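A.B. asks: For reference, the chains in residue letters:
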Amino acid sequence: MLLKRYIPVAIVAFFGALTLSAWFIDNETIETFANDDATQFFDIIAAFAVFLGALNLLKLQFIKVLKQQSEWQYSAIAIASFFFAFIIGFFIRGAYFVGEDVYFSQQAAEEAVVAMNSSETVRPVDWGAHVQTDGSLFQWMFKYIFSPLSATMFALLAFFVASASFRAFRARNLEASLLLVAGIIIMLGRVPVGSLISSWLIMYIVAFSVGFGINAYTRNRNMALGWVLGSFGLITGLGFTMGWPIDQPAIFYLPALQEWIYLVPNLAGSRAILIGIGLGIVATSLRYIFGLEKSYLGE
Amino acid sequence: MNNKYQVYAGGIVGILLFTLALSALPESLNFFREEKSAMFAFTLTVIMIMLYEVRLAKSSSEDIFLRTIPGLKAVEEAVGRSTEMGRPILYVPGIMDMNEVETVAGVVVLGHVANMTAQYETELDVPVARAIVMQSARQVAKEAYMTQGRPEMYNEDMVHYVTDDQFAYAAAVNGIMQRDEPAACLYMGKFFAESLLFAETGNSIGAIQIAGTGSQTQIPFFVTACDYTLMGEEFFAASAYLSKEPELIAGITAQDIIKVLLIGFIMLAIVSRAFFDLGLTDFNLITWLNL
Chain A
-11 MLLKRYIPVA
-1 IVAFFGALTL
9 SAWFIDNETI
19 ETFANDDATQ
29 FFDIIAAFAV
39 FLGALNLLKL
49 QFIKVLKQQS
59 EWQYSAIAIA
69 SFFFAFIIGF
79 FIRGAYFVGE
89 DVYFSQQAAE
99 EAVVAMNSSE
109 TVRPVDWGAH
119 VQTDGSLFQW
129 MFKYIFSPLS
139 ATMFALLAFF
149 VASASFRAFR
159 ARNLEASLLL
169 VAGIIIMLGR
179 VPVGSLISSW
189 LIMYIVAFSV
199 GFGINAYTRN
209 RNMALGWVLG
219 SFGLITGLGF
229 TMGWPIDQPA
239 IFYLPALQEW
249 IYLVPNLAGS
259 RAILIGIGLG
269 IVATSLRYIF
279 GLEKSYLGE
Chain H
38 MNNKYQVYAG
48 GIVGILLFTL
58 ALSALPESLN
68 FFREEKSAMF
78 AFTLTVIMIM
88 LYEVRLAKSS
98 SEDIFLRTIP
108 GLKAVEEAVG
118 RSTEMGRPIL
128 YVPGIMDMNE
138 VETVAGVVVL
148 GHVANMTAQY
158 ETELDVPVAR
168 AIVMQSARQV
178 AKEAYMTQGR
188 PEMYNEDMVH
198 YVTDDQFAYA
208 AAVNGIMQRD
218 EPAACLYMGK
228 FFAESLLFAE
238 TGNSIGAIQI
248 AGTGSQTQIP
258 FFVTACDYTL
268 MGEEFFAASA
278 YLSKEPELIA
288 GITAQDIIKV
298 LLIGFIMLAI
308 VSRAFFDLGL
318 TDFNLITWLN
328 L
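Residue numbers (the working numbering), protein chains in the order written: chain A, -11 to 287; chain H, 38 to 328.
Fair warning: there could be bad hints in the mix.
Covered stretches of chain H, as calculated for chain A (at least 3 residues, CB under 8 angstroms) [unchecked claim]:
#1 74 to 80
#2 194 to 207
#3 248 to 257
#4 292 to 299
Hints listed in this document are in silico derivations from the structure and should not be mistaken for laboratory results. For clarity, every value in this text was computed on a predicted model and none was experimentally measured. A virtual CB, placed ideally from N, CA and C, is assigned to each residue, including glycine.
Go ahead and model the full structure; you've got the sequences and the hints to work with.
C.D. replies: And the structure:
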């Protein structure tokens, strides 16, 4: 009980309070601990913990291959990829310079020297630097295998955003309809064609939509028709008076409207969420420091 | 005035006086960062309110009201659905390490989910992106299975490491979803661009999806693609909600009181700023507090 409960809670409480106090106390030792030492302790522990992770990964993949479980071929690829990266990271320099040219192996570099009849000597890259040297085998793997695969995953987001937007923008209820309208305004307002759409056209569309809403809500066609005709007349009269400027009244001009939506209701909502998140983090951290929350110890 | 609020009012006055006294210490003794006085007073106020609420919760026999959070109520429903369908539950505790409070919160919620999977005898799969998270999650899951009296059901490999890399992890988790077709997918922790990759893949396999995160930029993606989303503070309240421990629920009450105080402070700051901008006064609260 002492080792599994009280000591871990005491450690969390002590170091949590120390790190918190570093924010308010003007003391170099405490500040260095909170900003540098503690983060370095964490990095060192995380670096060693990677061995545990790698062993676990290999264990599970080997079991899958050995037992020929379903789709074990993927595990075989994972194991091969792991050892490929491991070997070229730890045991092969993979970069031998002849002048400015880089070769993966010493033999290839020496053959190049002979072929070019050059007086240059073969210079192997330093250990450690070999993983970051341009043209090395490790960099080749990074550039031509790892990066394209990561980019492929990232690119999938474009398609997923489209499918998620399609579902979100279906006007099933009032909230979804508002989202749809706001989404259209933001999208149109942020592309060049948006600035070519006159604010008067938007006013006519708004007036017509309100008339549509009146009809749907009151079931009174005459009232809706009256509203539409009245508002159309008013907008037309106002248009002739003002000379139909494309960006006036500004509130109906899409680039201005999207900016207002983005900077006012959107920002207000996101700040409210941000304050909630901040408070949640503060309260959760204090619960750990004071030992109120012990679930992370499995309690 | 209610006794509780008298205590808070007295406490806040005391904290302000203490902060002023620290700021007024002579140069030779001064170890206190005066420019952070406002934050110091706020932190002490939060601590005071939280500890007092916990004390009240301990001594009171009355239940503290906690509004229903649909996303958390759905966790049990998701576990039940998985049991009925005979399919596993996939739990993703984010892609960051234990130095992020959201990851810690995610691991804490995992404990509650593991309690339920132990009760219902449902398979649990937890792929993780960090080795330290793997160790912590294993400990939490193991304790949950022990608590439920089902140690034989606990398998260390139910929590397994995949990779540290963001998109490689996303690819691996998506692969697990496609192959194993879990009935429920729970995403609780810190997420970045991979959130939509997870949620859309989960959606395509017809899994019930519950997400919880404090990553503000990812909340819209989860709201769009998941069945339930715990937004920000709801996620941090999850542990208290699921454990039903009065001491932890008292922390949520404290949060609400602090929120009311903050709203009052924001209103005061707006009025002060308006008076300052209109030239009615030279005093600006925000500048005075170094905020």
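A.B. asks: Three or more residues of the segment 248 to 257 of chain H near chain A by CB distance under 8 angstroms?
C.D. replies: holds (count 3)
A.B. asks: Can you take a look at whether the segment 292 to 299 of chain H is actually covered by chain A? Rule is 3+ residues, C-beta closer than 8 angstroms.
C.D. replies: That given contact holds, which follows from 4 residues of the segment 292 to 299 of chain H lying within Cβ reach (below 8 angstroms) of chain A.
A.B. asks: Just to make sure I understand the rule, a stretch counts as covered if three or more of its residues have a C-beta closer than 8 angstroms to a C-beta of the chain. Does the segment 74 to 80 of chain H meet that for chain A?
C.D. replies: Holds: 3 residues of the segment 74 to 80 of chain H have a Cβ under 8 angstroms from chain A.
A.B. asks: For the segment 194 to 207 of chain H, count the residues whose Cβ lies under 8 angstroms from any Cβ of chain A; is that count three or more?
C.D. replies: Per the Cβ count (11), the hint holds.
Consistency note: the structure conflicts with none of the earlier hints.
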